[in-house]
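2 protein chains.
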Amino acid sequence: MTFRSRLAKHLARVEAVLETVLPPEGRAPERLHAAMRYAVLGGGKRVRPLLVYLAGEVLGAPLERLDAPAAAVELIHAYSLVHDDLPAMDDDDLRRGRPTCHRAFGEATAILAGDALQVLAFELLTTDSKMVSDDHQRMAIARELATASGTAGMAGGQAIDLSAQGRQMDVDTLETMHSLKTGALIRASVLMGAWSADKPPPEAVWALSEFGSAIGLAFQIQDDILDVEGDTDTLGKTVGADSARQKPTYPSVAGMEAAKGRAAELCEIAIAALSALGSPAYPLRDMARYIVHRES
Amino acid sequence: MTFRSRLAKHLARVEAVLETVLPPEGRAPERLHAAMRYAVLGGGKRVRPLLVYLAGEVLGAPLERLDAPAAAVELIHAYSLVHDDLPAMDDDDLRRGRPTCHRAFGEATAILAGDALQVLAFELLTTDSKMVSDDHQRMAIARELATASGTAGMAGGQAIDLSAQGRQMDVDTLETMHSLKTGALIRASVLMGAWSADKPPPEAVWALSEFGSAIGLAFQIQDDILDVEGDTDTLGKTVGADSARQKPTYPSVAGMEAAKGRAAELCEIAIAALSALGSPAYPLRDMARYIVHRES
Numbered sequence: 001m002t003f004r005s006r007l008a009k010h011l012a013r014v015e016a017v018l019e020t021v022l023p024p025e026g027r028a029p030e031r032l033h034a035a036m037r038y039a040v041l042g043g044g045k046r047v048r049p050l051l052v053y054l055a056g057e058v059l060g061a062p063l064e065r066l067d068a069p070a071a072a073v074e075l076i077h078a079y080s081l082v083h084d085d086l087p088a089m090d091d092d093d094l095r096r097g098r099p100t101c102h103r104a105f106g107e108a109t110a111i112l113a114g115d116a117l118q119v120l121a122f123e124l125l126t127t128d129s130k131m132v133s134d135d136h137q138r139m140a141i142a143r144e145l146a147t148a149s150g151t152a153g154m155a156g157g158q159a160i161d162l163s164a165q166g167r168q169m170d171v172d173t174l175e176t177m178h179s180l181k182t183g184a185l186i187r188a189s190v191l192m193g194a195w196s197a198d199k200p201p202p203e204a205v206w207a208l209s210e211f212g213s214a215i216g217l218a219f220q221i222q223d224d225i226l227d228v229e230g231d232t233d234t235l236g237k238t239v240g241a242d243s244a245r246q247k248p249t250y251p252s253v254a255g256m257e258a259a260k261g262r263a264a265e266l267c268e269i270a271i272a273a274l275s276a277l278g279s280p281a282y283p284l285r286d287m288a289r290y291i292v293h294r295e296s
Numbered sequence: 001m002t003f004r005s006r007l008a009k010h011l012a013r014v015e016a017v018l019e020t021v022l023p024p025e026g027r028a029p030e031r032l033h034a035a036m037r038y039a040v041l042g043g044g045k046r047v048r049p050l051l052v053y054l055a056g057e058v059l060g061a062p063l064e065r066l067d068a069p070a071a072a073v074e075l076i077h078a079y080s081l082v083h084d085d086l087p088a089m090d091d092d093d094l095r096r097g098r099p100t101c102h103r104a105f106g107e108a109t110a111i112l113a114g115d116a117l118q119v120l121a122f123e124l125l126t127t128d129s130k131m132v133s134d135d136h137q138r139m140a141i142a143r144e145l146a147t148a149s150g151t152a153g154m155a156g157g158q159a160i161d162l163s164a165q166g167r168q169m170d171v172d173t174l175e176t177m178h179s180l181k182t183g184a185l186i187r188a189s190v191l192m193g194a195w196s197a198d199k200p201p202p203e204a205v206w207a208l209s210e211f212g213s214a215i216g217l218a219f220q221i222q223d224d225i226l227d228v229e230g231d232t233d234t235l236g237k238t239v240g241a242d243s244a245r246q247k248p249t250y251p252s253v254a255g256m257e258a259a260k261g262r263a264a265e266l267c268e269i270a271i272a273a274l275s276a277l278g279s280p281a282y283p284l285r286d287m288a289r290y291i292v293h294r295e296s
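Residue numbers (the numbering used here), protein chains in the order written: chain A, 1 to 296; chain B, 1 to 296.
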């Protein structure tokens, strides 16, 4: 199977899973459920769920075991977008080419939808019957997601981001912010895939953790690059939004050339980390390249 | 030990545990951590953690096993207060006798602090080493908390609440809203205590579930009563706030006499559910009475 067709297969799969795990719109409270579905099902690259599937496959995890972890990490990502877009945060009007959740449903419902999406992720990980049966590994999966979402991960990165607007930042601090805000959840995606396999060897988990850290940071640097060089229609969000908000980005702090160099370097670091896993890890290698070469 | 001294002992314990599980203010991101601590450590009755300890004790769970579940449920409760108080939601200025979190730290940090408190609860339940060692039971504890916090619980109740302002509501719908918004988390507290014991007998878990459902609803009805008859200084929040907002409350929908009658009835239902558990459940019986007779 080519990488593109594998990606397409997993993408279709996660869309179907998300459709199922989200409460139906017809069930009360209808408006809250509608807002949750709007926030999650409105497209998106699904990079994090794809990484759950790809990493799980490397260690031989059956796809049905990976559905709940894949959906859970996307629910967390979607909640973070809903809250980041709020007027008190980035005050964004456009997301994935459509009005942001608070623009479509009002601020109160958007706050609540974000809250409910976050906890739905953990509900899923603690109730799904198709996940890996070893409760210790299930607990590890939930732990990876929780840790990556909290103040030592995504929420912490967002807090640094909030305090950084309009201020100078050095490259090290920027990399820390990016690694927390985006990198932690991407690394967690890879590890949630790994923990879904039967007794994953510790050295494989370690290699995938290294891989995840490197592509997580690379992903955000590419995001920064696209904020300058991307196209609003292709991206589905406003190009130049970060610069307009005087947010520090990799190109603004280190220059565009350094940003591209660092993304390429991290891609190589990620690929090198996979060497111990041999040919089964080739799709992850392709994924690393896709992440730093994507245009949206 | 008298009930009051038992309560005082558990209260001191949960305060110490919360102090420890919250990230220190000196650790980056400092402002986010300060807001989280402010939201949680600013007093409060700690009814939910007290129920974790009391229910766990009934089935013989050692106290140190109950610390993480007790803290986790209070973190969820605290996050819900921070978000409910936001300008887009209830727009409250006062909570526990102090400025609300967004008044003290700004709206963006308050949103983020709520988000981070919610996930810290799950981080705690997936990392704490003193909890019950059976991973299946640990998973059940996390599942109770997740389910009670989502759209079939607290978030769902809050959504009904949002849509209900200024509208007529019948008693059945009001009871559903109260059972979701407040009752689910209180019932979960009792069950998290139960799941922390060694192999809790199913009939005991069932009895405690019935107990939790009844006192959960009773708790919210008493809250409604105090919104009319309470004292702002004792409550630490503005008396009459719900009526002023034209929110349906038990007294406004069914009358004050019916509200008091229903609270007393639910207290008796809760106590009757404990009968199978014998004398070890006496502290829970006293807790049910405390919940419907409290003045704050």
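These aren't lab readings, by the way, just hints derived from the structure by calculation.
There may be inaccurate statements among the hints.
When chains are identical, the list treats them as one kind, so a pair holds in a single copy or across two.
Claimed, not checked - Quick list of in silico lysine to any residue cross-link-like pairs, SDA-like style, CA-CA up to 20 Å:
1) K130 <-> H293
2) K237 <-> D90
3) K247 <-> E25
4) K247 <-> R31
5) K9 <-> S209
6) K199 <-> E107
7) K247 <-> A28
8) K247 <-> R285
9) K130 <-> G106
10) K9 <-> R294
11) K199 <-> H136
12) K247 <-> G106
13) K247 <-> E107
14) K199 <-> D134
15) K130 <-> R143
16) K260 <-> P202
17) K9 <-> P87
18) K199 <-> R37
- Item | Same-copy or cross-copy closeness of K130 to R143 [CA-CA at most 20 Å] | both (18 Å within a copy, 15 Å between copies)
- Task: Could you place K247 and R285 in one of the four classes (within, between, both, neither) given a Cα distance threshold of 20 Å?
- Result: neither (31 Å within a copy, 56 Å between copies)
- Using 20 Å as the alpha-carbon threshold, which applies to K9 and R294: within, between, both, or neither? This pair counts as within: shortest intra-copy Cα distance 18 Å, inter-copy 58 Å.
- Item | 20 Å Cα threshold - placement of E25 relative to K247 | neither (37 Å within a copy, 25 Å between copies)
- Message: Regarding K199 and E107, is the shortest C-alpha distance of 20 Å or less found within a copy, between copies, in both, or in neither?
- Response: Neither: 44 Å inside a chain and 44 Å across chains, both beyond 20 Å.
- Is it within, between, both, or neither for K130 and G106, if the alpha carbons may be no more than 20 Å apart? Result: close neither inside a copy nor across copies, 36 Å intra and 42 Å inter.
- Up to 20 Å between alpha-carbons, please classify K260 paired with P202: within, between, both or neither. Neither: 32 Å inside a copy, 59 Å across copies.
- Same-copy or cross-copy closeness of K9 to P87 [CA-CA at most 20 Å]: So K9 and P87 fail the 20 Å test inside a copy (36 Å) and across (43 Å) alike.
- Task: Have a look at K247 and G106 and pick one of within, between, both or neither, based on CA distance no larger than 20 Å.
- Result: Close across copies (19 Å), not inside one copy (26 Å); limit 20 Å.
- Query: Using 20 Å as the alpha-carbon threshold, which applies to K199 and R37: within, between, both, or neither?
  - Reply: Close neither inside one copy (34 Å) nor across copies (38 Å); limit 20 Å.
- Task: Can you give me the call for K130 and H293, within, between, both or neither, at a CA distance of at most 20 Å?
- Result: neither (34 Å within a copy, 46 Å between copies)
- Copy assignment of K9 with S209, given that the CA separation must stay at most 20 Å: Answer is neither; intra-copy 24 Å and inter-copy 43 Å both fail.
Checked against the numbered hints given earlier, the structure breaks hints 1, 3, 5, 6, 8, 9, 16, 17, 18 and satisfies all the rest.
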